[in-house]
Each structure stands twice: as C-alpha cells, then as structure tokens.
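Student: Full structure from sequences and hints, please.
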Amino acid sequence: MLNYGWLEWKMPTSNRIILTDVDGVLLEWERHFTDWMLQRSYYNANEERIYPYKLLPNKQNTYEMAERFGLSVKEIRKEIREFNKSAWMATQSPMPDSQTWVKLLAAEGWTFIPITSQTSDVPAQKVRKKRLGELFGDHIFKNYHILDTGADKDSALAEFHNTGLYWVEDKPKNALAGLKYGLKPILIDHEYNRDFNHDDIIRVSNWQEIHKLLSGRK
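Start counting the sequence shown at 898; every next residue gets the next number (our numbering).
One or more hints might be untrue.
[As the list claims (entries may be wrong)] Derived DSS-like pairs (lysine-lysine); straight-line CA-CA distance at most 25 angstroms:
(1) K1039 to K1000
(2) K971 to K1081
(3) K1039 to K1081
(4) K971 to K982
(5) K971 to K956
(6) K982 to K1070
(7) K1027 to K1039
(8) K1068 to K1109
(9) K951 to K1000
(10) K1070 to K971
(11) K1039 to K1026
(12) K1070 to K975
(13) K982 to K1039
(14) K951 to K971
[To be verified] Taking CB as the label site, the calculated pair distances span:
(15) R928 to P949: 16 to 22 angstroms
(16) D1035 to E944: 42 to 48 angstroms
(17) H1087 to E1056: 38 to 44 angstroms
(18) A1048 to E945: 37 to 43 angstroms
(19) A1048 to Y939: 25 to 31 angstroms
In case anyone wonders, no lab produced these hints; they're calculated from the structure. Idealized CB from N, CA, C, for every residue including glycine.
Tutor: Below you can see the structure in the form of structure tokens.
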C-alpha cells in the first residue's frame, strides 16, 4: 500500500471526503483488458506470430475473464497481474461522464481518496497516479491506497472505521466491506452486479447521480 503524501497531508476535519475505487468506477478496465489480451502474442519455433487468446463464442460480454477467454482462474490471474503493471495503465479511458462530475464535486469542496487493488509494482502505481492526474487533475486525489492485484480492501477501509464516509465501488464484496467498517457504500451500476441488492447500499448509474445524491437533490 502506498500512502503518497501522508506526511504532508492530514485528513480534513470536514466529512466532505469520498473514498473511491478506481477500475470500473473512475477508469474503464474491462474493455481495456480485453483489448490487451487479444493483442498478446509470441513467436513459435518457426518464427510464426501466434495470438494465443481468443474470445469464446457467446462469452464476449461475460464479466469473469477466465470464462471470457477459456482459461483457468490461475491463468487469468497471472494475466491480470501483468496487465495491471503494464504501460496500458497509462491509456485507460475514464468512465462515462466521470470527469465532469468528479471535477465538479472537487470544486465544491470534496476530497477524493482512491483505494485500488491494482498492483504492488511501484512504477506501475506511479503510472496509475499520473493517469488519474491527467484525466481529473493532480489536485483532486489525496492519500492514495494502492494495493496488490486483487487484494482485499479491508485493511485500507479499516483506517476509516466508523467515519461514515462515502465509499464508491463497483464490486458488491467491497461495498459490503465498507458497510462492515461503518462507511456509506455507493455501488456503481454494471451488468455484472445487478443481481446484488442491499438496503444499506446505494446503487447509482453514474457520477452524475452521485453528485445529485451528495448535493441533496432529488
């Protein structure tokens, strides 16, 4: 975990802080990873270029990447680790409309603390931080918590235990973890989480709805 700037920056006394995931919340990950996988290649003994990964029929929109490419869980985790520390982290696109509303919330006095299970590779963490700065502004994000690929976020969320801060996620498991630590989880709607409902977890379609929620508008 990296806490960039922790020594120079103290948590504001205001509760206008938003804890936020990155992939699937601020940055698009699913399509970007798929494009990367389809471009993976190697040369065989005959110097022929081989593209080993193909999307399986009727699995193109399946969220579980092991199913999408017909790989084992162990194999796909290895590829995700490689992707999350690759130069492709420098070219991730923002989630639709996220730039507009995140910037507006920041202008209205909200501070954003990213909590992301990207990689333990330090250079790749710097690339992620740089990309977020390019898309949203270097001043918007504070006190980055960058965890290893696929790591649970409990240790980072525990630092904010019973603060009642908003916690924006796309995965139900991590939203529930936030609830366990006394946070206010907001779940960004995706096809892969639509079978999950919880009375204490707010579901929104996008950052515009988050802005409306935090502004007290109906």
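Student: If a hint holds in the structure, say so; if it doesn't, say that too.
Tutor: Right, here's what the structure says about each hint:
1. K1039 to K1000: holds (14 angstroms)
2. K971 to K1081: violated (33 angstroms)
3. K1039 to K1081: holds (19 angstroms)
4. K971 to K982: OK: K971 and K982 at ~17 angstroms, within 25 angstroms.
5. K971 to K956: holds (19 angstroms)
6. K982 to K1070: Between K982 and K1070 the Cα gap is close to 23 angstroms, so the pair holds against 25 angstroms.
7. K1027 to K1039: holds (13 angstroms)
8. K1068 to K1109: Distance of about 22 angstroms is within 25 angstroms: holds.
9. K951 to K1000: Distance ~38 angstroms between K951 and K1000 Cα, so the pair is violated.
10. K1070 to K971: Since the Cα atoms of K1070 and K971 sit roughly 20 angstroms apart, the hinted pair holds (cutoff 25 angstroms).
11. K1039 to K1026: holds (10 angstroms)
12. K1070 to K975: holds (21 angstroms)
13. K982 to K1039: holds (21 angstroms)
14. K951 to K971: holds (17 angstroms)
15. R928 to P949: 16 to 22 angstroms: holds (20 angstroms)
16. D1035 to E944: 42 to 48 angstroms: About 45 angstroms separates the Cβ atoms of D1035 and E944, which means 42 to 48 angstroms holds.
17. H1087 to E1056: 38 to 44 angstroms: violated (26 angstroms)
18. A1048 to E945: 37 to 43 angstroms: holds (38 angstroms)
19. A1048 to Y939: 25 to 31 angstroms: holds (29 angstroms)
Consistency note: the structure conflicts with the earlier hints numbered 2, 9 and 17.
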